[in-house]
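Novice: Working from the sequences, and respecting the hints, build out all of it.
The lines below spell out each chain.
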Amino acid sequence: MDFSAILTDALRSGIGPIAAVYALAAMGLNLHFGYTGLLNFGQVGFMLVGGYGLAITVSTYDGPMWLGVLGGIACAIVLALLLGLPTLRLRADYLAITTIAAGETLRLFYRSGWAEPVTGGVFGLQRFANDFYALSPIEPGTYGVWLVRFSSRDLWVMIVGWVLVLVVGCLLALLIHSPWGRVIRSIREDEVAARSLGKNVYAYKMQSLVLGGVIGAVAGMMQAIQVQSVNPDNYDPGVTFFLYTLLVLGGAGRILGPVVGSILFWFVLSFLDSALRQAIDAEYISPDLISTSEVGAVRFALVGVALILLVAFRPQGILGSRKEMLLSGR
Amino acid sequence: MRCQRMLVPALALVLVVVPALSARAQGEEVPRGPTFAARALQALIDGVQFGVIIAITSVGLSLIFGTIHLINFAHGEFVTIGATFAFFLNVSAGGPGWHLVPAALAAVVFGALLGGAVERGIWRPLRARGTGLINMFIVTIGLSLLLRHVVLVLYGTRPASYAQYDIQSVIELGPAGITPRDLTVTLLAVLVLLGIAVLLQKTRIGTAVRAVSANRDLAEASGIDVQRVVLFVWMLGGGLAALGGVFFGLVEIVTWDMGFKLLLLMFAGVILGGLGSAYGAMVGSLVIGVVAQMSTLWFPVDLQYAWALLVLIVVLLVRPQGILGRAERVG
Chain A
258 MDFSAILTDA
268 LRSGIGPIAA
278 VYALAAMGLN
288 LHFGYTGLLN
298 FGQVGFMLVG
308 GYGLAITVST
318 YDGPMWLGVL
328 GGIACAIVLA
338 LLLGLPTLRL
348 RADYLAITTI
358 AAGETLRLFY
368 RSGWAEPVTG
378 GVFGLQRFAN
388 DFYALSPIEP
398 GTYGVWLVRF
408 SSRDLWVMIV
418 GWVLVLVVGC
428 LLALLIHSPW
438 GRVIRSIRED
448 EVAARSLGKN
458 VYAYKMQSLV
468 LGGVIGAVAG
478 MMQAIQVQSV
488 NPDNYDPGVT
498 FFLYTLLVLG
508 GAGRILGPVV
518 GSILFWFVLS
528 FLDSALRQAI
538 DAEYISPDLI
548 STSEVGAVRF
558 ALVGVALILL
568 VAFRPQGILG
578 SRKEMLLSGR
Chain B
628 MRCQRMLVPA
638 LALVLVVVPA
648 LSARAQGEEV
658 PRGPTFAARA
668 LQALIDGVQF
678 GVIIAITSVG
688 LSLIFGTIHL
698 INFAHGEFVT
708 IGATFAFFLN
718 VSAGGPGWHL
728 VPAALAAVVF
738 GALLGGAVER
748 GIWRPLRARG
758 TGLINMFIVT
768 IGLSLLLRHV
778 VLVLYGTRPA
788 SYAQYDIQSV
798 IELGPAGITP
808 RDLTVTLLAV
818 LVLLGIAVLL
828 QKTRIGTAVR
838 AVSANRDLAE
848 ASGIDVQRVV
858 LFVWMLGGGL
868 AALGGVFFGL
878 VEIVTWDMGF
888 KLLLLMFAGV
898 ILGGLGSAYG
908 AMVGSLVIGV
918 VAQMSTLWFP
928 VDLQYAWALL
938 VLIVVLLVRP
948 QGILGRAERV
958 G
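Quick mapping for you: the protein sequence lines, in order, are chains A and B. Okay, so the first sequence: first residue is 258 according to our numbering, each after it adds one. Okay, so the second sequence: first residue is 628 according to our numbering, each after it adds one.
Do not take every clue at face value.
Partial pick of chain A residues on the chain B-facing surface, computed with a CB cut under 8 Å [claimed, not checked]: (1) L296; (2) L347; (3) D350; (4) I357; (5) A359; (6) T362; (7) S369; (8) G370; (9) F498; (10) I547; (11) A558; (12) L564; (13) V568.
Bear in mind the hints are in silico, worked out from the structure with no lab data behind them. Since we're looking at a predicted model, the values are computed, not measured. Glycine residues also receive a C-beta, built at the ideal position from the N, C-alpha and C atoms.
Specialist: Here you go:
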């Protein structure tokens with residue numbers, strides 16, 4: 258087994274563009290779940306409208322890229338309002354089911370033959386981010402240290418992605434430590450108490466849902482830009498589950514929680530993937546037990562086990578405080 | 628009482644509309660291709676069949692919610708596991724090659740044991756530790772990921788059919804048709820649903836389940852063994868989900884992610900009927916099944932599930948407690 262290859266694979270994913278995209282999407286989710294206590298299980302829906310908002314504007318209607326970004330953000334705001342208006346007055350789990358249903362409904366609509374002239378249907382849309390890459394100041398070639406190397410394109414997406422994570426992180430830190438942040442955390446702790454102090458809980462929850470959704474949409478755009486394509490099947494409910502896993506891993510309700518969670522999540526996932534494949538190739542694991550094509554499935558099963566064990570034994574994650582994260586649903 | 632008030636108009640609607648449609652369709656000469664009425668009748672039959680299968684799987688989901696207020700995200704996996712377990716017993720490649728009927732019964736037992744095992748092995752210890760409901764909800768997502776991918780490794784990605792009842796000729800029902808297999812599945816499913824209603828209304832354990840759903844603390848104070856009731860509900864839910872899985876695999880096809888695809892429709896049915904109410908889950912699922920199939924009369928087939936999910940969102944806007952649920956508001 259080639260351990261340096263396994264380690265470099267893991268490192269490359271841990272700091273790569275995908276980790277940045279997931280960190281960003283999970284930061285939005287952290288605002289919903291970690292700070293406000295909203296169970297949004299359709300964060301992938303916000304990523305979808307963000308990515309498609311950009312792709313449709315540029316690819317289908319030949320619009321400029323900045324308009325696509327604004328379009329994606331506008332779609333996320335509309336989606337958050339549509340989801341929030343009926344459900345935010347109800348029990349927490351109604352939002353969970355509605356958001357997951359809405360995410361899946363959106364995916365089905367975007368992939369249907371009926372929407373194909375606009376969204377590309379099952380084929381999706383490609384090559385809409387040329388303007389983004391044209392802005393890159395990095396000369397073509399590969400860059401990196403030791404065996405961890407990235408192409409100039411990936412490096413450019415990575416830099417922009419992690420800068421966005423930094424900017425959004427600072428913004429959220431300021432917001433959370435402002436009076437607004439105190440109100441949303443008090444809603445998470447005791448909604449009735451917050452209401453009895455004269456706070457409009459409904460409005461605060463809505464603001465949180467919209468803001469976190471917009472962050473999710475920006476993450477969706479970065480993801481679409483990174484692969485230069487959007488495809489409906491990349492937006493299945495599993496994405497949201499991964500976001501929850503990395504958020505719980507890093508620590509919900511902590512600004513750095515999703516960042517640490519995302520880096521570790523992708524590091525471990527890629528490490529497992531690479532190690533399992535090599536172990537099968539070297540016949541340390543019998544191919545009858547797990548074949549190479551099943552490695553992906555085994556990886557996801559292990560994510561499930563990790564999620565169960567984390568919530569059962571360390572619900573506060575790596576960075577969280579246990580006292581703050583003893584969530585109890587109503 | 629509430630349930631009857633809702634069921635009577637619904638039944639009346641079905642009883643009046645169906646003969647009217649079929650009479651109209653029979654009166655006309657069908658020149659080329661089926662008429663709209665014939666297609667509508669066919670979609671309705673398919674919808675009822677789909678609806679009762681969803682109902683069987685979602686009753687357990689709703690009862691579990693009613694007793695311990697946990698939304699079980701892994702319920703879809705119980706469906707898949709039932710269907711694939713029966714497949715292993717039924718299709719002889721590596722398995723014993725049983726006939727489908729004993730294989731299905733074994734799958735139901737297996738589903739019930741699995742439901743009981745997760746209750747004893749995961750949920751009861753977590754409740755004893757004082758884990759919050761939202762955290763338990765996330766644990767069900769982990770369990771769903773785990774079970775689904777274990778099935779994927781064991782079963783593979785290839786869709787398959789059971790060994791029996793695969794190809795059948797259609798029984799003509801006026802302008803529409805149904806295969807003997809589908810008719811049997813539908814009738815069996817209706818019988819099972821009636822059986823659950825009798826169980827809940829007439830037996831001691833059924834009364835205990837309803838008591839715990841209505842008020843857990845009061846039920847416990849009146850001497851009901853709540854842990855035992857919860858265990859029973861998990862086993863019932865697991866067994867029913869497995870049965871629903873076999874039925875769904877029989878009328879459609881067995882795949883590794885069939886339960887997860889069905890899960891959102893189960894949620895839609897459960898919320899539509901009223902979260903936590905067993906009868907609500909039955910009525911809601913029936914509506915979802917009919918909406919999904921009837922939508923194909925006007926809209927593309929690849930959107931049929933999307934309409935069912937949209938119904939869910941619209942219902943939440945208008946009547947969030949569902950058709951048979953109690954109004955309950957926070958904020």
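Novice: So, for every hint listed, does it hold in this structure?
Specialist: How the hints compare with the structure:
1. L296: holds, 7 Å
2. L347: Holds, because the Cβ-Cβ distance from L347 (chain A) to chain B comes to roughly 5 Å (cut-off 8 Å).
3. D350: The hint holds - D350 (chain A) has a Cβ within 8 Å of chain B, the shortest such distance being about 5 Å.
4. I357: Since the shortest Cβ distance to chain B is 7 Å, the answer is holds.
5. A359: With a closest approach of 6 Å, the A359 (chain A) hint holds.
6. T362: holds, 4 Å
7. S369: holds, 5 Å
8. G370: holds, 6 Å
9. F498: holds, 5 Å
10. I547: holds, 7 Å
11. A558: holds, 4 Å
12. L564: holds, 3 Å
13. V568: holds, 5 Å
In this structure, none of the earlier numbered hints is contradicted; all agree with it.
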